[in-house]
Each structure stands twice: as C-alpha cells, then as structure tokens.
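Q: Residues per chain, in single letters:
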Amino acid sequence: MHDTIAAISTALGEAALAVLRISGPEALKVAAKVFAGRAPATELTPRMAHRASAKTADGITLDDGLLICFRGPASYTGEDVVEYHGHGGLLVTQKVYEAVLAAGVRAAGPGEFTQRAFLNGKMDLTQAEAVMDLIQAQSTLALRAAHEQLGGAIGKEALALKEVLIPVLAHVEAYIDFPEEDISPDTGAALIARMDEVLIRARRLIDTGEQGRILRHGARTVICGEPNVGKSSLLNVLLGFERAIVSPTAGTTRDTIEEVIQVHGIPLRLVDTAGLREHSSDGIEKVGMERTRRELERADLILEVVDASLPPAQTHRVELPEGAEKRRILLLNKADLGVAPGWPGEAVRLSCEAGTGVEALREAIRELVLHSGPLMSEHPVAINSRHQVCFERVAAHITAAKAALNAGQAPEYIALDLREGLQALGEVVGVVDVEEVLDVIFSSFCIGK
Amino acid sequence: MSSLFTYPKHYDVIVCGAGHAGVEAAMAAARLGCQTAILTQNLDTISQMSCNPAIGGLAKGNVVREIDALGGVMGLNTDATGVQFRMLNAKKGPSVQSPRAQCDKKAYQFRMKWLIENQPNLDLHQGNAAEILVEGDAVVGIRTSLGMVYRTKSVVISSGTFMRGLLHVGLQNQAGGRMGDSISTLSDSLRHLGFEVKRFKTGTPCRLNGRSIDFTKCEAQPGDEPAPAFSYLSGVVDTEELAWQGASRTPVSASSPSLPRHPFTLNNWNKESFHVEQIPCWITYTNTKTHDVIRANLDKSPMYCGRIEGVGPRYCPSVEDKVVRFAEKDRHQVFLEPEGHHTNEYYINGVSTSLPYEVQFEFIRSISGLEKAEIVRPGYAVEYDYCPPTQLYPTLETKLVAGLYFAGQINGTSGYEEAAGQGLLAGANAALKVQGRPAFILPRSEAYLGVLIDDLVTKGVTEPYRLFTSRAEYRLLLRQDNCDLRLTPRAIELGLTCPTRAQVTQEKIAQLAEAMTFVQNTSYESMRLNAWIKRTENDHTSLPQDIRAKFPDSIWQLLENDIKYEGYVQRQEVMIEKTSRMEEKEIPASFDYTKIHGLKKEAYMRLSQIRPATLGQATRIQGVTPADIALLAVMLRKG
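Chains A and B, in that order, give the protein sequences. Taking this note's numbering, the leading residue of the first sequence gets 1, the next gets one more, and so forth. Taking this note's numbering, the leading residue of the second sequence gets 1, the next gets one more, and so forth.
Calculated from the structure, these hints are not laboratory results. Wrong hints could be hidden among the right ones.
[To be verified] Here are the simulated distance ranges between beta carbons:
{"id": "1", "chain 1": "A", "residue 1": "159", "chain 2": "B", "residue 2": "135", "range": "27 to 33 angstroms"}
{"id": "2", "chain 1": "B", "residue 1": "601", "chain 2": "A", "residue 2": "159", "range": "52 to 58 angstroms"}
{"id": "3", "chain 1": "B", "residue 1": "545", "chain 2": "A", "residue 2": "406", "range": "34 to 40 angstroms"}
{"id": "4", "chain 1": "A", "residue 1": "264", "chain 2": "B", "residue 2": "327", "range": "53 to 59 angstroms"}
{"id": "5", "chain 1": "A", "residue 1": "159", "chain 2": "B", "residue 2": "174", "range": "46 to 52 angstroms"}
{"id": "6", "chain 1": "B", "residue 1": "376", "chain 2": "A", "residue 2": "196", "range": "52 to 58 angstroms"}
{"id": "7", "chain 1": "B", "residue 1": "601", "chain 2": "A", "residue 2": "433", "range": "38 to 44 angstroms"}
{"id": "8", "chain 1": "B", "residue 1": "514", "chain 2": "A", "residue 2": "156", "range": "31 to 37 angstroms"}
{"id": "9", "chain 1": "B", "residue 1": "601", "chain 2": "A", "residue 2": "239", "range": "46 to 52 angstroms"}
{"id": "10", "chain 1": "A", "residue 1": "399", "chain 2": "B", "residue 2": "179", "range": "51 to 57 angstroms"}
{"id": "11", "chain 1": "B", "residue 1": "598", "chain 2": "A", "residue 2": "71", "range": "33 to 39 angstroms"}
[To be verified] To list a few chain A residues with every Cβ distance to chain B over 12 angstroms, as calculated:
{"id": "12", "residue": "50"}
{"id": "13", "residue": "103"}
{"id": "14", "residue": "190"}
{"id": "15", "residue": "199"}
{"id": "16", "residue": "341"}
Remember, predicted model here, so these are calculated numbers, not experimental data. Cβ atoms here follow ideal geometry from the backbone N, Cα and C, with glycine treated the same way.
One chain only, chain B, in its complex shape (with noise of 0.2 angstroms):
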C-alpha cells in the first residue's frame, strides 16, 4: 500500500458494514456517547433486506421487541415503513405470539439512512474495509481498499454475506456480496491475524413484476387490523417526535422544534392510533409439473452437482431440495410478497432456488397464478465466509483480539433479527468497554438475544443458526409483550435509551403494578377479581365497562398473561433460581485449565476453547460432565 491517508478524526467504535447488525451497532455505540463510524461499501444500501421484505415472525418478532426495549431501531423504523402487520400464533399462548411485518423495502431503507445521519456522535464513511490493524493484541484501525485508514479504538464487524461472497444461478456463478454488489477481502485479513474462517450457504428466490401476476388465481392474506406494531413507542408519541428522540437524547419539551415528517414515514400514528395501509401478501402453490421441471434439472443445480461446498440451512431449503428430500408432497405453499408500495416486484417465498435462469423461468411458469409471470430478478445461492463464533466472548468480543467485534452472519446466524440484535449488543459492550464500563450480557432467562449470544459462544454453529422459540428453555417468561418490562430498565441504566421510553415504560410499570393491586382487592361475581381472571373460560374484555375502563386494554392483557399462567410462570422461576448461582459465578478469562488435575481431556479441550465466562455457562458446553464441573468449582474457589 503505496500511500497511506489516516482520516484526522479518531474513533471511540467503527462498524464495518451497515447491514441490520450494523446499523444497530453504530446507534447503541452513539447512543451511549462514544464517537461512533459506520463504514460500509454503498450508503444507498444501509438496511437493505436482501431476502424477503418481512420483520418478525415467531421468536423473532420477540426479537425486533427487545432491541425496541433496549432502545434499538428496528422496530420502529418497521412501524414507520410496514405495509402489513399480524401477530402469528394469536390463538396459542401468549408466549409464543409474535408480530411480522411486510415491509416496504426501500422506504425501511432510506428512512433508516436518516435516522443514521440524524444521529449525534455518528459519522458515515462510504468505503470497503479491506484490513484490521492491529497493535499488540488490540485493535487500532481499519484500511480500506482505497488506502485511508481510520483509527479506533474498537471495531464491529458485520460484514452479512459478503466477505468472499459467491454467487450461483445454476452453474454460472460469480463473485458478490449480493447480486449486484462487490465482495469483501475483509476474511483474508481475519485468517491472517489467526481466526478461523468457515463456509456457509444461503440463498433467495427471484422477483416478479407484479402485473405479470394473475392474483385471481392465489388467495389474499391480508394483514390484522388493527395493525398490531413492533414498537413499544408506537402509539405513544407522534412520528415527528419520535424520530426527533430516536436521534437525540436531549429531553422532548413543548417548546422543541418539530423535525418535518420524513418522505419515507408512510404510516400515520399518534397516541389514538396506528394507521396502516396494508397491502395483502398472496398464497399459491407448486404442482407436479413444477416438481417434474425441478427434477429433471437436478443436475444444473450447483448444490446437487458439488459445486456448493457451504452449508445450507435446513430450516430454509431451496425448493430443489424440498422436492427431493419431500419427494411425496406433490405441493409446496408459496407466498407472494410485496416489496412496497412504490414498486411492482413481489418477493416469491418458498422457492430459494439456484437452478440457471430457464429453469427458473419454466417452473415459476408452471404455478398457478405465475403461468406469464416476468422474473425480474432470479433467484440465487450465495456462498460466504464466517468465523466459528466460539471465538468470541458473550459480549461479542474475539478472544483473540481485543476490541474486536463480531455480529449477524459473520458468527454463522441467519435473520434480519438475529443479525440486528447481535449489532445492539456488540456495539454497545464495544462502547461500554472504551468507556471503562461493565460489559451488558444478557441472561438466557431474561431475553431471546441472551439466548441467541449464549448458543452461539458456547455450542457454536453447524448450519446458519436461526432462533426458535423451542431454543429457549425459559420460553413462557419472554412474551412478546412484556419486553418492555424485562429489559427497558436496563437500557434506561446503561443510558441506550431516550427520556421518553424511559418515561413511557416506567408509567407501565407503576400501572401494571396498580392494576395488580386492584384485582387482589376488588370482588366480582363473588371472588376476588384476580381469582376470577384465573379461571380459563373468563377474560377481561367481558368485564363490565367500569371496572374495565379503570386501565387501558394494554395493561389489561399483560395482567391477565401474569395471572392466566401464574403457575407455569412460578415453575420456570424455581428453574432459574435453581441455576442463578452457577449463572453468576465468574470463571476469569485467564483461568489455566491446566491446573485442573484430572479432568477429562475431552472436558480440558473444550473448556480451554470455549473459556466460558460463568459456571453456568460451563455447564451448557458439551461433552462437560457434572463431575468436571464440580472440579472445576472446587478449582476457582481454591484460585
């Protein structure tokens, strides 16, 4: 590198990508004051939802919850650009309900760009990092494939699929970090400083012109009304308002100055109402003939002739492989989605595919509805780089070297979701560290993000991991409603969150808490009210009117979810009780296994590869054995 230009400003924390991780890291570190840089190849792609246009879904729609609870931007930009809303599961539980969105895709997009560049203490670079520097065993800096280095004192990288991207439609491939745009050298830099790199495998199906679409043929889904919203802000306070806190921490008074509505807001909401205009996704299916064309192009397709050496996920498999695996159904389900409001293209999900475009081209064709549909994008498979993410700490951090952090695809997830959720939490432990602060981990018992971070560092990853509710042990306690509750307080601690969350969350609370209360000391129809509440035909939109307008509807059904299930809860508690000692106890990033005389070499490899932060968090690695444990204990205690 002839000549080398080091921009003058110095950074407390630079985010390498501005992908969903990325740019949830940059706001956590900005929010929490430190000097903060996204860097990223294209600012006209920040956010871009290179899959389908959707938010949410089952244990994600948790997700998108708790990082609006720690103040993140993913739920509320997915409230300010949705075309669709529903809960999923509204009939089950209410712990496993969970809100999805459509989203309009370039509207997420460039609404997202404003609140980055709104933000105090946020600077965005447009550039391709192309190596880390690093000094000692700590990192100092970013060079970018033009030469200009940024010094920092921390890095997040959330490079999603385009460190040595490779892009496959049928045999034909190329490289790419997404069909149209470059790859990332950032791998080669990471195996050079001694990590390790994997391949993994995802893949997309193609678009459609909308009027090429012959909707009669499909049937509607439509969205819930009224539109159920992510954000526990929603509804509270007015958009202009809310972007003007989003990207402030000054204190909102009547006399602030009100930012204009943003082009991109397309949903109206205010302390009455959320007001969408929700546009239908549609359902069809594929056929035999759809399944004939597949099959006998098996060959084409890179995956079934070895040309894909990546690791697919198995809970998104192309359509060649359900037609193969799930040779008797003779349909698969297909949804067509919108991408806006503003264009015609339809995401087709639930047929990721790699075959050569005709091949495309003629089983799309064979769908009812799709017989002149036009394919404006073909589908691919896309192959790229990740590290093993047992390389990391719970707070993100590499072991190998400090002030380096890794989130989304680069530690082997999948999802929008999970992707963003890891982006809040590296970019804030990466700031609370520069700030000389105790790390924030998150427990399995107390949120889905504790449960994603504490899979990923202790078990590691053998396919692109995505979250499930069945991942989580502690399940009934994280509802998609009382993320809030769960995890608001933190923020507000750690400063992640502005005054109004604050205030709106602490007013729930202090309801939530009279509601309660008032159920224990009030009789109806000859019980105690909350008694009443408990029994499963009763619920509370049946109450007469003046009891029931005491507290608004919200606090109604958290109320009754805590009392409903008041028994199952009260078991998961006596759980984590019965775990929360190992949980705390912390074993030092620099215990010598070695000295642990006696244990199994099994448990001696893993635990000195994982160095896990707590006991709990040992007990959880496989193949470590009560016993090890209990040598282990005995060990720390000694010192």
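This is chain A alone, in the form it adopts within the complex (with noise of 0.2 angstroms):
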C-alpha cells in the first residue's frame, strides 16, 4: 500500500485557478475532513464537480472552490484522487495545501503523481522515459531547493535541533539496551529540559512559516477609506515602485486583480485593486466596500486613507476588525494642503498628487512589516509548507515523547516518540540512522560488561 500524497499542481503564482491534487488510498478521508460541502468526499459523485470550501482543523474557512473525486483506478494515478480547484491567489492556495498536508498527507516528491499513474499502469510503457525525465528534472531542482535550505538559516537549525535530539534518544536507548551496565543515563527532569528546548525551537521555527509565506507570496495589503480620499491616487503611487520578482506578472484572480509590489524588499500584495480601479459608480463601490472589509480580515497590512483637510471628527472612518490596528497605516492624504488639529502625530502625511511623503510612507511600511507587524522575530529566514508540516510533526512527537515520560511510560514507548519525531527532522536534513544514535551511546557511556 502507498501513502497518500498531496502537490499543488497548479504552476505557483500564475494562474487565475489553482488546482490541488490529493492521490492515495486515504485521499478521500483527507478531503472530508479538510473540504466542506453538501456531502463528505467520501460520499460525493465521483467525476462530478461539487462546491466546497476549505477549511482549517480549526473550522476557518480558507478558500471557495469545487471538488472533483475520483475513484480508483479510474484516476490519473490509479488511486483515489481529489481535486480541488480553487482561487489562484498564492497565499489561499498555501493554506489550502498546508491544511491538506495537516490531516495527514504527506508532499508528494517530484514527479511522484506521473510515476504512480505509470506503475499502476496508466500509462504507456513507451511513455517510461518521459516518466523518467520528468522525475530526473524535478529531483533536480528538488535537490537545488533542498541545498539552498540546508545552507540557509532553516537547515542549520534543523540540524541544531537533531543535534539536540539524538542524545535524548541515546540516553533512553541506552537505558533499554544496556540496563547490566554501570552506566547512568539521564532520565526524568534532564531528558524533559532537552525536549523542552527542542519544543521551543521547532516552535520557533513553525512560527516563521507565516514569515515565508510573506516573504515568498508578498503580505496581503488593503487600502481602504471613505470614497474619493485618495485611494486610486495611492494607488497609482504604489504601483510606480519596484515590482516584486515573486509574482512576475500581475495575476487575475476571479474577482480580484493583484498586483505584487516591493518596498524595502518587502514583497507587497496590493488586494482588491480592482474595485480602487472602478470606483466611479455608488453601485460597484458598495459591493466594493463589502469585499474590502471580508478582505481587511486576512489582510497583514492596511492601508487607511483619509483626507487630512477634514479632522477627525467629520471622517467616517473605516471600521477594522479586532486586533487589525496593530496591522493599519493611517495616511493624512492631500496633507500638502494643510492637515486639520487633531490627527495623531505618528499618521503618515503625504500627497498623492504631489508626490510627497512617500518616502515616509515606505519607511512607515518597512517599519509596520518588519518591526511591529507580520514578519516580527529573530528568524531572518522563513521555511515553506512541506518543512513546516515536518517541524509541527517533530513538535507533535516530542510532545508525545514528553507526555508519555511524565505519565510513567516504559522506555520504548518514549523512544516510539522521540524515533518518529528524528524521522520527521529527517525529512528536512536527511534520514537520521541508528548508527548515530549508536555512535553517541558509545562516546557517551563506557559500556563493555
């Protein structure tokens, strides 16, 4: 029996669909606990499109697309697969997949959908070679990816944590398997310190998934305020700064144009530019209204718009959701034409047809982003959706490991725990091998009856 695996098959970033593939003997289950609809995958029409949301474990719904189920063999791999086909906006594509990956499935490896369809004999047998290469090309890069991680921050805190964790192992291994020697491994309180440590870390580095994902995707920014303050003029302003290289091209999304912009590096994902582009009619601005407020919700940096020459008290200001403040620049727009008493001295004054106060808003930007905002923490570097489901399953494992010495447990109960979760690192630095462990109970402890 294979496992189950997941991809998104969808080339990244360019598409105004994303679809995602799950193929295995417990696709459907996966699907049924991640997608909601009429009816659990498990039950749906096969070959029969059916709309569903994704959802978190969590129960936050993520995306709106539509469920397709096939059964095995009559499948592109042969096995069960779902597909889902959802908005193509990088960061909800994202979540989807990692909400798959968190019930239970694993990433598939480069061309692992090509190769299963091939032995279960979907394919031709001259089509083999193309099967090949395809596997060769995307092992390749695979390859490149995983150096380039290794090399970074992530795999040398990957490799830390082993470091870390092998001798927890070693010492309960050794507990197990030389209990005739005079030897003393640690136990108890010295073994959870080490796990602990091992916790904080890979919680750590969970943290700076959503990090990577800004960094990778952009952070989704929302400029919002009350009609003709200035919004498309902000606009056409940000839209004169650099592009970002994450997004080459501006994407269309079913009911959103995106555009991907960069300030101070900082990729920025300008949403629900399309209605700042047709706020001409009361109609269009009303529904345009009802999106950016569903929009400020998921935003990571909102852009609030007011006319400066109005105070306060005579601006309708935007309603933001709870806690969305710590994520909001406000803008004193047209302040090039005197800013009325009584807006805070830390609001951005600029002019939009000026050109003014621009460089303080890039600077208010980079300061909300890396300082106060998203992308606040000591980790310079973020990791991507496959290495952040490897992470919680090695906090998952070691949360385990821990429990089970807490509550009494035999050794090799522990061990099972602290195996699996070496496993799980295993996937980010390399298979971890016994002899490791061996080796460390050797130069730890003179065994030798």
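Both chains are sitting in their own frames, so use the hints and assemble them into the complex.
A: Printed below as a string of structure tokens:
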C-alpha cells in the first residue's frame, strides 16, 4: 500500500485557478476532513464537480471552490484522487495545501503523481522514458532547493535540533539496551529539559512559516478609506514602486486584481485593486466595500487613507476588525493642502497628487511589517509548507514523548515518539540512521560488560 | 595435492564449522530432509562458548527465542544446561524484556554433540576444510587439509574466528583460531575465488580458579525464581521426549521409546515446572590502582602499539580501552561468571584484554576479592578474517558462488546468538535451494533475525556487528513472548519443526484468540474486561480467581501485553503497511542498473554492488535517494 500524497498541480503565481491534487488510499478521507460541502468527499459522486469550501482544522474557512473525486483505478494515478479547484491566489492555495498536509498527507515528491500513474498501469510503456525524465528534472530542482535550504538558516537550525534530539534518544536507548552496565543515562528532568528546548526551537521555526509566506508571496495589503479620499491615487503611487520578483506578472483572479510590489525588499500584494480602479459608480463601490471588509480580516497590512484637510470628527473612519489596528498605517492624504487639527502625530502625511511624503510612507511600511507586524521575529529566513509540516510533526512527537515520560511509560514507548520525531526532522536534514544514535551511546557511556 | 580420496557419500549440504552457527545450519538442513554433513577441526569442541558462558541478553535473548520458534536447538539446549536464568529489563515494557542464562559450558557442548549425533540425515566428520571446490560458478565440494574431498550441492561456511586467526597476549602472538586450537586457511581459498576478505579483532578476558576468589568481598547476583526458560517447549514436555523430538520428525505416540536421560541434561523440567539448581554470578569493581597498572603498561598492549590491525567492537572494549577512553571513571564493573557446576573456572566479564600475562596478573590482583586470584587461562585478543557481508544475498548465499553460504563471524558479526540465527537461516536456505523450493527470508518487521540479516547484506559492517533492540525499528512488535506466534507457523510450513511444537503453538494461538474473545465479551468492574486490562493501574494478577483460572498465566500475560500497548502496536503496523509494497516488489538478481539512464553515479555504484533483492531493501542502501528509487521503480515496471 502506498501512502497518500498531495501537491499543488498548477504553477504557482500565474493562473487564475489553482488545482490541488491528493492521491492515495486516504485521499477521500482527507478531503472529507478539509473540504466541507453538501456531503463529505467520501460520499460524493465520482467525476462530478461539487462546491466545497476548504477549512482549517479549527474550522476557519480558507477558500471556496470545486471538488472532484475520482475513485481508483479510474483516475490519473490509478488510485483514489481528489482534485480541488480553488482561487489562484498564492496565499489561499498555500493555506489550503497546508491544511491538507496537516490532515496527514505527505507532500508529493518529484514526479510522484506521474510515477504512480505509470506504476499502476495508467500509462503506456513507451512513456516510461518521459516519466523518468520528469522525475530527474524535478528531483534536480528539488535537490537544489534542498541544498539552498540546508545551507541557510533553516537547515542549520534543523541540524541543531537533531543535535539536541539524538542524545535524548541515545540516553533512552542506552537505558533500554544496557541494563547490566554500570552507566547512568539521563532520565526524567534532564531529558524533559532537552525535549523542551527542541519544542521551543521547533515552534519558533513553525512560527516563521507565516513569515515565509509573506516573503515568498507578499504581504496582503489592503487600501481602504471613504470615497474620494485618494485611494486610487495611492494605488498609482504604489504601482510606481518596484515590482516584486515573487510574482512576475499581475495575476487576475475571478474577482480581484492583484499586484505585487516591493518596498525596501518586502513584497506587498495589493489586494482588491479592481475595486479601486472602478470606483466611479456608487453601486460598484458598495460591492467593493463589502469585499474590502472581508479583505481587511485577512490583511497583513492595511493602508487607511483619510482626507487630511478634514478633522477626525468629520471623517467616517473604516471599521477595522478586532486586533487589526496593529496592522494599519493611517495615511493623511492631501497633506500639502494643510492638515486639520486632531490627527495623531504618527499618521503619515503625504500627497499623492504632489508626490510628497512617499518616502515617509515607505519607511512606515517597512517599520510596521518588519518590526511590529507579521515579520517581527529573530528569524531572518522562513520555512516552506513542507518543512513546516515536518516541524509540526517534530513538535507533536516530542510533546507525546514528554507526555509518555511524565506518565511513567516504559522507555521503549518514549523512544517510539522520539524516533518518529527524528524521522520527521530527517525529512528536512536527511535520514537519521540508528548508527548516529549508537555513536552517541558508545562515546558517552562506557559500555562493555 | 598428490592423492585425493573422494568420500563415497555425496551430500546436499556440508557445513564447515561446528560452532553456534554451524550446528543450527546443519540441524536445519537435516530437519528439512537434506543429506547433511558437519565438518569440524575438532569434534570435541562442538558449540564451544569461546568467550563468556552466557546466552541471551537484550535483543540476543529475543533471537534465541526466535531460533527456538523456528525449531532451532540453542534455546532447548540452554534450558537443559543453564545454571542461572534471569529476565532482563523486567521492570520495563514487555518488548524490551529479554531472557539471559549462564550455562554450564561443557554440559552445553556435550549435550549438543549428542543432539547432532542423533539427528537423522546428519553426519559428523572431523577435518580441516582447506579449499572450496567450484565448477562453473557453483560449489561442488570441499577439500580438507588431509586431501579428503567431500562432494556436495551446497556449503555453509561458519568459520568463527578461525580463518587466519592470530592470538595476541601482550607483544607475543601466535596463530590460532582460539587459544589451544589451530587455524583455518579457508580464507585463502575464498580470496582466490574472488571474495573480499578483511580483518576484525575481538578479545576475551582471563579465567580464574574459583577457589582463589574471595566471594565475601563481592556482591552476589542470583538468578530469578522461578527461572525463566528460553524454549517455548520448556515445561511442555519431558526432557527425554523433547530430546527425542528434537532429533526426529516422527510424531510422538504413547508407544514411543523413551530415550535415557542424557547425563549432561542438568535441569529437570516437565509439564509442571522448570527446576534449575542456580548458581549466582558475582560483582566486583576495578579501582584506581587497577587503572594505574593498566595505564603504566599500555606500551605492552598490541592494540596501543599498532600490532593489531583489525577493528574491534566499540560495545565490547578491552579494559585498557575503557581506562583510556573513560579516564574520568574511577571504577569499572566486573562480573565473575561461573563456567558450570563441575568446574571451578570463573569467567571475568568486563576485563577483556590483550596485555601481557604479568600485567594481567598484577591488575587482576588489584581488584577487591581477587587479591589472591589464580589465573588459569590468560585473556587475549584475536584477529581473524571475515568477508564483508554485502557480498551476500538475503538468503546468506554468496553472490559470487552459487550454493555457497556464509554464517556467523565470517559475516563480521559477533555473538553466539547472532551466529546461531544466521546459521539456521543459511542452513535452511541451502536446503531449500537444493530442494528447489522458495527461499526463506524474514522481513525486518517480523523478526530480529530479519533486522540482523538485512543490516548485514544492505549496509555491511564497520565493526563486529551486534544486535541491539534499537536496531529494530519495529521493536514493539518483536517481543520475546511472541516469537512463536510470529514465526512457528512459518517453521511448520517449511517443515523445520517437530510435530509437538506445531501442536503446542497451534493450541496457544487458538487459546489466545479464545481469551481475546472472552475479555471482549466479559464485564468486570462495570466495564468490558479488555478495557479494564488496558488501564495502566490494572493487571491480570489482580483479577479474581474464577476469571483468572480460565486461562494459564502465560496467556493472560500475552493478552495483557497485546491490549495494554495496542495503540503503539497499531502505529507500528501502520508504518509496516506503508512500506509493504516496496518490500514486496522484487528486483531480479540479474537486473541491469546501467539501463537506468540518469541514475546518480553513487546510486549506480551502490545498487550494482549490493544488488538488493527488493525495492524496500534498495531504499535502505546508503546514498540512494527517493528519486533514484522512483527511477528504479519505473525501470522495473518497464522491464
């Protein structure tokens, strides 16, 4: 039996639609966990499109789209396959993908879907060469990516975690395998302390997952404010900034147009720019308002524009969702015409028409994103979703090992979780062989009855 | 070689070497119905315990029980001749408990010789194998140093430390397979056939006369009462019947002649009890004076002045190694192990050494309780030839010569149990091949023996290989109490075991199933009995007598172990299932790795050298990546 794998099948950052594919014996079960529709995926009519929304384990809706189930062998891979067609926004797709991985699915390896299709007899033998070329090409890319990761901060941190974890396992294993020896491997508190260290560091890495998303795909940036305060002028100012390389072209989704620009090297994804571009008629503006409200909840950065010439009392401020203030920058537009009394000193004064205050805006954005907002952390580099899932598994297994130790479980059960934790880590740093554990045992303890 | 005499009888299987690997190999082949011969330098040293007089221990004890479950002889012979029995790790979980026994060294040997002599289809020959005779790429016979030729369809080599053995005591050295025994030159023949041959080193401590030891200064380490036996047949049948069945495939009936009790069967066991007259081991410690003596004489240790080239095991260091590498320790544990009921010799466990006699004398006498000790045999180091085991298929057949099998230290392993397990599987596979039957390969998920052999043939060895429970990724499933449930059905299928064992195991399996149904359908303390057993604070011994009496304690214990750790067991089963397809996908031995274009050079080299039997084995080869496996899978399908 094969395990179940998943991958985003469409090229990231280009399409209006994103297709996420799950294949394997658990595909339908996993889909039923992540996607909510009229019926769970396990009961849907195969090969028919059904509306479904993707949800996190906590029940937060991530995206709405279409779900198509295929029952093996009548599928691309010959196994049970679920396809989810969602909105092409990179962030949304990424989130849905993470939710699927979190439901217990492995990220597919290079060419793995095609390989399975071939092995299950879904492809002609003459296609074997093509399959192999695909695997080779993709594994070269994956290898390069892995090397970059390992050379970087994440790789170093993952290796450091391994260095902490192996001795923990070595002590437990020594306690199991050498009962007749005059050795005293660490037990209890000393092991717990090291497991705690692993947990803290793993969780810190997991937290950088969100950063990684922002660095790779851009911070979701929403421009809001009353009509005629200069939102579209601000948009034009921003569009004059350097384009971010994370997204080579402006993507078009079903209902929004997004642009990715770069401020001091931080990619900003300008959300709902369509609404801003077509603000002429009241009707559309209303629809836009509704959409904006939804976007505010998901935004990493909110640029709220007000007319500087009007005092706060005469301004109808945008109602921000709870906790969103921290992510907001207040922009006093038309400041060149004078600033009415009552606006806070930290608000950015600028004039989109005159082009003044733009530098202050850039500074404010950098300040917020890097130091008080979503990127605030000691970690300069971030992890991708596959790694994030690995570290989450590391944390889960170490937590379980700790619980087993605290509950007075026999050592081999504690070791099982420690081993699985190391195995998860091995997916980032390469397989952890039992020889490494034995090396630590024989160098730390005088074994030799 | 001037005049060759070809022995008139032609064999199916010839086993060279009658140590722990050799006897299991010969017995397994003979039990499978092959005409088998065992060829040894000295018929009086069959199954000699060259090092300590003990069998079992962590992981090793499980192996002995696996051998027993497969119809092997080590477990029963230990039960018959043991002088002390203990269950190690009794306070830890059930999967890491392991039986260990001290044996009466001579009784163990002589009783084993008697078992072999009585085994149908098995002949004994004394002789020193000198050359492996090969025609084409297949083995056809063995030539001894005296020019005798034995024709055979297959050969198992279990040479122990005898091939080009070199014994070191201080800076003196002499050729020998063991102190007092001569060497074998068979590795020259192997090298000539194209095998890679390398050197390993191991060592043994001195033996003391018990009369010269002051035991009042030592701590006693008694055996467990009741003594935990090794064999699943222990306590099931009388010794006499047992020996008879071990030696015959004829079913026992009431009219079966009862063999006389063998004089070297020391222990009395029958349906009711396993009675052992146990002797304690003793514990004492080295001290700073001991360490000073050793440190002052390191220049006389062949290890430290470069006289020994072979790599020794890290888990069994010499005492000089301990003193140097763990300089901060001011004492090391020393176990005094009796070598039997009818000898005063004590094995001094923990002070394996190759220091000169006079230094051994001095440091031994610095140890508390050993101040007046008389050394009867000095400790020594031995260097010997082995063949890196990546030259073998998982059947233990060599890739180079068809019909030639290796088992034990020739494969770079250490330990009586590891040797015996390999012997059994090599002997069985040699026989199965002769009979044209499918090979017998145990997966890692089913037996320690599977782990052992897969590690050897897939990863090779860098030091004498020993099993640890940590090597078994499915450790929780490989308990010492379920080897028979795991393996005996396979042994029955193959014909490796006697009918009594088959019957006992089948009854046990049925009884266990019955007990499982019982606990699922019985209420106790307002819950299902299985739910009650699952709770950590409960165990079957506190059940009321009327419930407890329904099944024997051994069944309750098994059931409890199964129920209590169900969750963990299921996790391991899921892991196995995930890899099962890979493990089952076979790679033909003739598979041409050059056909996979784009395979990384390292992967190509490793794969074509190891020639894995399955895709699963290929995944465990160092330097082979998942992408390489994907390519291999595609090519296998393409064919």
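Q: Residue 264 of chain A and residue 327 of chain B, beta-carbon distance inside 53 to 59 angstroms?
A: holds (57 angstroms)
Q: Given the hint of 46 to 52 angstroms, is the C-beta distance from residue 159 of chain A to residue 174 of chain B inside that range or not?
A: With Cβ atoms ~49 angstroms apart, the hint holds.
Q: Does residue 190 of chain A clear chain B by more than 12 angstroms, comparing its Cβ with all Cβ atoms of that chain?
A: holds (18 angstroms)
Q: If you check the beta carbons of residue 601 of chain B and residue 159 of chain A, does the distance land in 52 to 58 angstroms?
A: violated (26 angstroms)
Q: Does residue 103 of chain A clear chain B by more than 12 angstroms, comparing its Cβ with all Cβ atoms of that chain?
A: Residue 103 of chain A clear of chain B: closest Cβ-Cβ about 15 angstroms, beyond 12 angstroms.
Q: Is the gap between the beta carbons of residue 514 of chain B and residue 156 of chain A within 31 to 37 angstroms?
A: violated (57 angstroms)
Q: Does the claim that residue 341 of chain A lies outside the interface with chain B hold up, using a Cβ gap greater than 12 angstroms?
A: For residue 341 of chain A, whose nearest Cβ neighbour in chain B is about 66 angstroms away, the distance exceeds 12 angstroms, so it holds.
Q: Evaluate the given range 38 to 44 angstroms for the C-beta pair formed by residue 601 of chain B and residue 433 of chain A.
A: Hint violated: Cβ distance 22 angstroms, outside 38 to 44 angstroms.
Q: Given a hint of 51 to 57 angstroms, does the C-beta separation of residue 399 of chain A and residue 179 of chain B actually sit inside it?
A: 54 angstroms Cβ-Cβ, so the 51 to 57 angstroms window holds.
Q: A range of 27 to 33 angstroms was offered for this pair. Does it hold for the Cβ distance of residue 159 of chain A and residue 135 of chain B?
A: Check failed, 54 angstroms falls outside 27 to 33 angstroms.
Q: Is 46 to 52 angstroms a correct range for the gap between the Cβ atoms of residue 601 of chain B and residue 239 of chain A?
A: About 50 angstroms separates the Cβ atoms of residue 601 of chain B and residue 239 of chain A, which means 46 to 52 angstroms holds.
Q: Could you tell me whether the CB distance from residue 376 of chain B to residue 196 of chain A stays inside 52 to 58 angstroms?
A: holds (54 angstroms)
Checked against the numbered hints listed earlier, the structure breaks hints 1, 2, 7, 8; every other hint is satisfied.
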